[in-house]
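**Student:** Sequence:
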Amino acid sequence: MDFSGNPDGVKDMLVKIPKGMKDVLPEESGRWRAVEAAMREVSKMAGYREIRTPVLEHTELFARAAGETSDVVRKEMYTFLDKGERSLTLKPESTAGTVRAFLESGLYAQTLPLKLYYVNSPHFRYEAPQSGRLREHHQFGMECFGAAQPSADAELIVLVVRLLSGFGLKNLAVRINSIGCPSCRPAYQQKFREYLNGKLTRLCKNCVERAQVNPMRALDCKEEACQAELKDAPMMLDHLCDECREHFEALQTYLTLAGVAYTVDPKIVRGLDYYTKTVFEVTTDLDSGPLTVCGGGRYDGLVEELGGPSIPGVGFGMGIERVLMLLHQLAPEECLLKPEAEAPEVFVACLNKGLAGNAFSLMMDLRGQGIRADMDHQGRSLKAQFKYADKLNARLMAIIGDEEVAKGVAKLRDMGTKEEWEAALSGVAAAVKERLSR
RNA sequence: GUGGGUAUAGUUCAGUGGUAGAGCGCCAGAUUGUGGCUCUGGAUGUCGUGGGUUCGAACCCCACUACUCACCCCA
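In this text, residue positions in the first sequence follow this note's numbering: the first is 137, and each later residue adds one.
One or more hints might be untrue.
As the list claims (entries may be wrong) - With a Cα cut of at most 20 Å, we get these calculated SDA-like pairs of lysine to any residue:
(1) K519 with K474
(2) K527 with Q505
(3) K367 with V396
(4) K523 with K569
(5) K155 with R167
Unchecked claim - Cβ-Cβ distance ranges computed for the label pairs, FRET-style:
(6) E163 with D218: 19 to 27 Å
(7) L422 with G302: 14 to 22 Å
(8) N256 with L336: 40 to 48 Å
Everything labelled a hint here was simulated from the structure, so no lab data went into it. Using N, Cα and C, we set each Cβ at its ideal position, and we do this for glycine too.
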């Protein structure tokens, strides 16, 4: 690439992807399509249907849904004013937009539950990028509206586990918790806040702040000192109301019925304020520590919070980049994800440029009959065409020289076995299909 | 926001003051109708940017920028 005509520095901006963004190159895109296809398939099997919501929403929507005190809203949103002075935000998560669409389109007036999924939904968070954490990432997510029963929570968790293990992923841990509901959480929060207030001098700066705005966040603080102080802290699980406790117990019964292993982790609280009752995470252990692949929970108050009727919801989000990252670490024989074949089935070569037209016609004929075919566009020598075809991983070659043209045939070569034979031009497609089916 | 690390060919990187290097990749030839292997040859660099020290800087010093990892938080 020649930038000699550009002033200094232009190259850096012009041919430079913005921070935290990533291109999906052809090398990778097949894997993306394969995981997306699997996600669509499991969704369909469970009666979930696809929804696509815009990348932009009104800033207020996320502030109301995620909660003003959440880190996402406080410091990680991509927010800007458009030309009409409206504050818009690139979505940091998809539940809020899904609820908005659910309400705005009147979907709640239809038969419930309504089960929705999205796949490859782009999300943006303005934060320092690092391994497994980009500013733009993509999520597969499922949301179920109007299902108050714990079987709906369990359905999602089981589906996630089966999806991921279907890819060949192992060492996945399902962790669940209940963070109560408006009838039991406030009393607990008061109690917990009082506990924290007695320890303020020994907690980290963040936890002191949390004690005021959102005390339960202190539970998953990574500071060892804080964890030590929290050892005897009151836990939400011990303060659930009857309804929440029964819900949580039933969820565990369903998971057991499905044969899904899980652990109860009373310290999972999640970063979004809208969750009620069930919260869960699916994590995997990397050298660098645990990595959350999927997180979700129940949000029975969210639809109402956003101005709709009182309709319960439950859902999750799964980071597609993270799933792909884990698949990448698997040994080839462990990875059960099979991207579709893209290599040419036939590469059409010609002996000299004068025969390029014949090769072109044959290639087009093969494509018309559903065969992936390719040819050289650089005027390469025959030898170089072989090398090129080899690079492309072509299964067969069809060679056209002056002799072949005179006889009205093409010479076929199996690139694996080196076998060669002739086929009449009109019968090349049939010969190729016969060979490929072996 | 806080703290590390890195920046040299298309790419991965070596090079600790004195001629700009290697592997891989790319192109060509050995093999004028045949790929993978081998051998031979070839092209490709303002050594991130700006300043300083020095007879001399890719190398030492300062600043800046970018990237990257970790913390925080999350998918």
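**Student:** Are the hints correct? Go through all of them and say.
**Tutor:** Hint by hint, here is what the structure shows:
1. K519 with K474: violated, 32 Å
2. K527 with Q505: Between K527 and Q505 the Cα gap is close to 24 Å, so the pair fails against 20 Å, i.e. violated.
3. K367 with V396: Outside the cut-off at roughly 29 Å; violated.
4. K523 with K569: violated, 23 Å
5. K155 with R167: Given pair K155, R167 is violated - Cα atoms ~23 Å apart, limit 20 Å.
6. E163 with D218: 19 to 27 Å: Violated, since E163 and D218 (Cβ atoms, about 36 Å apart) do not stay within the stated range.
7. L422 with G302: 14 to 22 Å: Given about 21 Å between the Cβ atoms, the range holds.
8. N256 with L336: 40 to 48 Å: Once the Cβ atoms are compared, 45 Å apart, the range 40 to 48 Å for L336 and N256 holds.
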